[in-house]
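Fit chain F to the supplied structure of chain A, relying on the hints for placement.
If you read the protein sequences in the order shown, they are chains A and F.
Letter 121 of the first sequence, counting from 1, is numbered 120 in numbering that gives the first Met the number 0, and no numbers are missing.
Letter 256 of the second sequence, counting from 1, is numbered 255 in numbering that gives the first Met the number 0, and no numbers are missing.
Hints in this document: simulated from the structure, not taken from any laboratory.
Predicted model only: the values in this text are computed from it and were never measured.
Hints are supplied without guarantee of correctness; some may be wrong.
[What the hints assert, rightly or not] Covered stretches of chain F, going by a simulated chain A footprint (3 or more residues, C-beta under 8 Å): (1) 160-171; (2) 175-181; (3) 223-229.
[Said to hold, decoys possible] Here are the simulated lysine-lysine pairs, DSSO-like style, with alpha carbons at most 30 Å apart: (4) A/K131 / A/K119; (5) F/K162 / A/K119; (6) A/K131 / F/K162; (7) F/K304 / F/K353; (8) F/K28 / F/K141; (9) F/K141 / F/K162.
Cβ coordinates follow ideal geometry from the N, Cα and C atoms, glycine included.
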Amino acid sequence: MTDPQSVPGAPAIEVHDLTVAYRTQPVLWDVDLQLPEGRLIAIVGPNGAGKSTLLKAMLGLVTPVTGWVQIFGEPYARRRSWVGYVPQRESVDWDFPTSALDVVTMGLYGRIGWLRRPQKHHRETALACLEKVGMADFARRQISQLSGGQQQRVFLARALAQDARLYLMDEPFAGVDATTERAILALLQELRATGRTVVAVHHDLQTVAEYFDHVALLNMRLVAAGPVATTFTAENLQRTYGGRLTVLTQATEALLQKRTAEIPPDLGVKPAGGTPWT
Amino acid sequence: MNPTLVILLVACSVAASCALLGSFLVLRKMALLGDAISHAVLPGIVLAFLFTGSRAALPMVIGAGVLGVVTVLLVEMFNRSRRLREDASIGVVFPALFSLGVILISRYASQVDLDLDCVLYGEIAYAPWDVLTFAGREVGPKALWVTGGVLLFNLALVGTLWKELQLSTFDAGLAATLGFSPVALHYLLMSAVSVTVVGSFESVGAILVVALLVVPPATAWLLTERLEHMVGLAILLGIVSALGGYAFARWWDASIAGAMAMVAGLLFFAALLLAPGHGLLARLLTLRRMGGRLSGQLLLLHLQKGGAVVPAALLERRFGWSRRRLEKVLAPLRSNRLVEVDGDGLHLTESGAKVLESTGRAQLAHKL
Numbered sequence: 000m001t002d003p004q005s006v007p008g009a010p011a012i013e014v015h016d017l018t019v020a021y022r023t024q025p026v027l028w029d030v031d032l033q034l035p036e037g038r039l040i041a042i043v044g045p046n047g048a049g050k051s052t053l054l055k056a057m058l059g060l061v062t063p064v065t066g067w068v069q070i071f072g073e074p075y076a077r078r079r080s081w082v083g084y085v086p087q088r089e090s091v092d093w094d095f096p097t098s099a100l101d102v103v104t105m106g107l108y109g110r111i112g113w114l115r116r117p118q119k120h121h122r123e124t125a126l127a128c129l130e131k132v133g134m135a136d137f138a139r140r141q142i143s144q145l146s147g148g149q150q151q152r153v154f155l156a157r158a159l160a161q162d163a164r165l166y167l168m169d170e171p172f173a174g175v176d177a178t179t180e181r182a183i184l185a186l187l188q189e190l191r192a193t194g195r196t197v198v199a200v201h202h203d204l205q206t207v208a209e210y211f212d213h214v215a216l217l218n219m220r221l222v223a224a225g226p227v228a229t230t231f232t233a234e235n236l237q238r239t240y241g242g243r244l245t246v247l248t249q250a251t252e253a254l255l256q257k258r259t260a261e262i263p264p265d266l267g268v269k270p271a272g273g274t275p276w277t
Numbered sequence: 000m001n002p003t004l005v006i007l008l009v010a011c012s013v014a015a016s017c018a019l020l021g022s023f024l025v026l027r028k029m030a031l032l033g034d035a036i037s038h039a040v041l042p043g044i045v046l047a048f049l050f051t052g053s054r055a056a057l058p059m060v061i062g063a064g065v066l067g068v069v070t071v072l073l074v075e076m077f078n079r080s081r082r083l084r085e086d087a088s089i090g091v092v093f094p095a096l097f098s099l100g101v102i103l104i105s106r107y108a109s110q111v112d113l114d115l116d117c118v119l120y121g122e123i124a125y126a127p128w129d130v131l132t133f134a135g136r137e138v139g140p141k142a143l144w145v146t147g148g149v150l151l152f153n154l155a156l157v158g159t160l161w162k163e164l165q166l167s168t169f170d171a172g173l174a175a176t177l178g179f180s181p182v183a184l185h186y187l188l189m190s191a192v193s194v195t196v197v198g199s200f201e202s203v204g205a206i207l208v209v210a211l212l213v214v215p216p217a218t219a220w221l222l223t224e225r226l227e228h229m230v231g232l233a234i235l236l237g238i239v240s241a242l243g244g245y246a247f248a249r250w251w252d253a254s255i256a257g258a259m260a261m262v263a264g265l266l267f268f269a270a271l272l273l274a275p276g277h278g279l280l281a282r283l284l285t286l287r288r289m290g291g292r293l294s295g296q297l298l299l300l301h302l303q304k305g306g307a308v309v310p311a312a313l314l315e316r317r318f319g320w321s322r323r324r325l326e327k328v329l330a331p332l333r334s335n336r337l338v339e340v341d342g343d344g345l346h347l348t349e350s351g352a353k354v355l356e357s358t359g360r361a362q363l364a365h366k367l
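Same shape as in the complex, but just chain A (with noise of 0.2 Å):
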């Protein structure tokens, strides 16, 4: 491959002085944001704050008005083949005259190029993929044949094809049975474990603290960035969220409840009601 060189000790996103508006309505506001190689992230906020928005930035699909997106130090463009994205379910026909297999596929395009033809091997690759996220049985099936959780899965089989070091994601969680949701989630953690970023966009904040190491919090302007122990706090999520109290609510039950399951055993804390533990 052609890649240029890694930029020494540069983050694996920077996102400097951003203001994206459609028309003239601002969907961004001079966000700057810095996101560490290797970890699991999301991007949190209520609904319009931008966060798809900002995801498409990111991959060059929107023209901000003022500011720049580098990717591991350079512009997106000569950073294609390092990224792979995962663009939410609803945003394709799933009445596409189209199979699992075939999506997948579309996932090794940009490494075949312009005008040649998917081979034999591209194919195995691709159901390699697929087996990975446990729908190799899925192949050859018509893509509107498939329920919600599996079509989530074949989209993060054709990201899995770009074999990107970055990986964007809106919305992967998005109206998915719960085995989806274990094997997404075993997924993100098995990318991190190969040295692969995630960015992911969450709608839902009572998993933010089980699932993600960093956090972005926004509200069209960016509140707050950084590790979710610090950054994921009560006094930030009503920085970002206003007064919608249910929202807030749980968070912080869920809040707690981290920070309960945190505190090892042996400091004394005893399971309310039940026997001590031994």
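Frame of chain A; chain F shown alone:
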């Protein structure tokens, strides 16, 4: 060359070209854009006439191609303004351009050897008599050269850019991130549609090109699960429509183009009704069969729970069934000796109990 053969070859080339590109239009939910382009290229054709003063194919194709791109640009511009939705943008642009073409034709009728009726409805029957001369020699009917050339161009285009068109049609976002410019591919496809429309309008007319662009691909989509199969079948259906339409028109002494569109429409309805699996009829039958089986199982289960003889009237009341419905559900159960009628009541036979056991009674009971 045999005139009938020329007509058939021209019709088949047009149908195949339209089906090839139309498949992508339909999948991109842009069938209407094909419609718009087919009308909006008219001023391009007229202007090409006015500038060159001839009916040479090349200037016409160029003029139409330019207007096709202008149409797409204007639609996108209105669309991006967010004051108009896409359907309204298309609806505004193409009548404007089309009317411009109509006005130009009527104003310069003396200079332009172009019949409006011919543009709108086409006249494929004249195709064999308009002969192209090259270097002083007659080389065959012009329409055959034009439509054949257009078909080869389209085949080459879709053949070389198959993977790119597939990806940008299915997921433009991914195409863009991978560096396959979906915008460039979009304009390329629309230019090809414009060129195809010009190549076709003399034979089937601007209005009926739409039928060939949309209907065979829509029919093929109902019947297939792979893009290559869909495109192949669309081409086949287009050709069948062309040939069938010609035969019908000859037999009925009607408009050839009209008959082609009619056959295409009939094929579509046949597919809609009869498609295996997804067709309306198949779905209805499956629902019936499943519904009947479920009703039978429910009845068996109920009889088992009831133990001895259950009065038919009680079943009717509990299930909210009419006597006719009960008898309909009962008929197969009785003929298989799963249920016996005992005076006014019903009871389960031994084999009925066994069947219930084997068809996953526990599973069914759980669902109840």
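Status of the hints after comparison with the structure:
{"no.": "1", "hint": "160-171", "in the structure": "holds (count 9)"}
{"no.": "2", "hint": "175-181", "in the structure": "holds (count 5)"}
{"no.": "3", "hint": "223-229", "in the structure": "holds (count 6)"}
{"no.": "4", "hint": "A/K131 / A/K119", "in the structure": "holds, 19 Å"}
{"no.": "5", "hint": "F/K162 / A/K119", "in the structure": "holds, 15 Å"}
{"no.": "6", "hint": "A/K131 / F/K162", "in the structure": "holds, 24 Å"}
{"no.": "7", "hint": "F/K304 / F/K353", "in the structure": "holds, 14 Å"}
{"no.": "8", "hint": "F/K28 / F/K141", "in the structure": "violated, 33 Å"}
{"no.": "9", "hint": "F/K141 / F/K162", "in the structure": "violated, 33 Å"}
The earlier numbered hints that this structure contradicts are 8, 9.
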